[in-house]
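Trainee: Using the hints provided, position chain B relative to the given structure of chain A.
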Amino acid sequence: MEVDKGKGEAEETRKVAEADRDTVTLKSSDGKLFEVSKEAAARLSTVLAGMIAGGSIDDNGTDLKQIGSEALENVVDYCNKHANSIPSAALISSSISFNTAPFKEPEEWERKFVDRLSHDALFDLVEAANFLGMERLLDVTCHKISEMMKGKSPDQIREVFNIKNDYTKEELEEIRQELAWAFYDD
Amino acid sequence: MEAAEPAKRNPAASLPDEILVEILRRLPVRSVCRFKCVSRSWRDLISDPAHRKKLPQTLTGFFYSSYNEERFPSSARHFTNITGKGGAPLIVPSLSFLLAATDNADDVELMDSCNGLLLCHCRCFGLVLMRTIGIHRSIMLCAIRRPTVSSHFYVVEYVLDEDSCVAGVEIYSSKTAAWSFKENEWGSDIMLHDSSVFLNGFMHMVTFADGVAVVDMEGKIWRTIPVPSNGELGRVHRSKGWIHQSQGRLCFLDGSDRSKLSIWTLENHASNEWTLKHSVGMMFLFRQKNLLAPFEFDLGYTLVAFHPECNLIYFVYGLDKTLMAYDMDRKEVRVIRNLGYDCSKPYLPYVPWFSEALADEQ
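In the order they appear, the protein sequences are chains A and B. Those letters in the first sequence? Residues 1 to 186, per full-length UniProt numbering, in order. Those letters in the second sequence? Residues 1 to 362, per full-length UniProt numbering, in order.
By construction, these hints were calculated from the structure, which means they are not laboratory data. Small disclaimer: the values here were computed from a predicted structure and weren't measured. Cβ atoms here follow ideal geometry from the backbone N, Cα and C, with glycine treated the same way. A portion of the hints provided could be inaccurate.
Covered stretches of chain B, as calculated for chain A (at least 3 residues, CB under 8 Å) [unchecked claim]: (1) 24-33; (2) 39-47; (3) 305-311.
The following block holds chain A by itself, in its conformation from the complex (with noise of 0.2 Å):
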């Protein structure tokens, strides 16, 4: 039992040193470790908000599994510049569910953010973004991805996310003459 306590103390003291710092270490899933901002991580990531309050924040590195390194230094890049030129009150994202509502537009940065970023790096990014719960991310690369997928045809889109045309060429055509408009331009 003696042994349990002093491990029990080491963890409290571990858990101060940890409450004390500003930033927070993540480790991705092939264990390349991130420092961040943990005002930053708390503020826009529910889920790491959530370990933070929770205690369950690693020193050693917080372990993400889900998350390769590539995407991980995305969202930390992301936290690190939003800490820096956004004021709080503009993260406020709207959730409305109403398919009228109106979506943020991505500020300039955001979107020069996104820009640079490879076809597999976006896509990376927006699970990451929903893994962590960071709306805004999500918010961001969602509407990147949807910029992209604008005005194209189907068959563009089975090449973009791999899918196989498992419909009857019957069917297609069917449904084809049923929507003929959508294949106007957008």
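Mentor: What follows is chain B alone, placed relative to chain A:
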């Protein structure tokens, strides 16, 4: 050597449905509809009730009524998809929850539809505005005409004097939950036709002789827009003129010339500038389909809708009340289905609205 390479990782291919829906809801309705052709799973994802309330919607069909004294109740309400095909009905048009309260289908009358709301007159309750999806819901109101919704709604009733001219409008706002009367400021002797459009916060209504009468929902801005007719603008008597909206613009369909139908769009609201978009011969529209016309030269037709996203117009023609579509871009006429001789106006275009309850419904 390519065959020997490991399968290329593609993060786009493994995207969870919830993210895909988040992406799709940011696209125009045209793209979303087109992507139903991508695969069965995309089609199912887009039509899934859990997702469609987030996704943009477009015209899916028409509500209409029929009246036949040989049956009881004599009146009935119907819904047809724009494809004319069967399949599981999107809507239950019998409005059975209302009937449970009235016991008689003859007591319920369809009035209007707008943005997923359906306005009915019910002998027991006065006017009833209902969400047509989640049809078990209803909102009781007590007066007439042209509702609209963003997250709230208005109902506009045109109040007529003893000469059938407009005395003013009663506007119900769901925000204040109250009616307010505004006296007519269009000028005297405005008589209304029965075609109206709610667009950009203004109610537009075709008049018999004064073009389109426009009023805002505060009852502060009143104006009239002259309409084109045979090259002339303005005060032309018309019994065949309709307004609709498509792709964000007000459209005027002029059928006053018996030989052709002219389709105009209002490009500039400030200068009342109409552009002739299309013109089609009546004979071309009706001749070739071998339809039973009421009389040889009587083009008994009603324009029922302009597709909100594309250059398709829908009309009902002839004794069998045939629902037809005309595609302006392809110059093609398509018969959708016969609705039946006992059907009658109004034919209400329906764009579903699947999202959660009206913000101020309670």
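Trainee: Next step is simple, just say for each hint if it's right about the structure.
Mentor: Cross-check of the supplied hints:
| no. | hint | result |
| --- | --- | --- |
| 1 | 24-33 | holds (count 8) |
| 2 | 39-47 | holds (count 5) |
| 3 | 305-311 | holds (count 4) |
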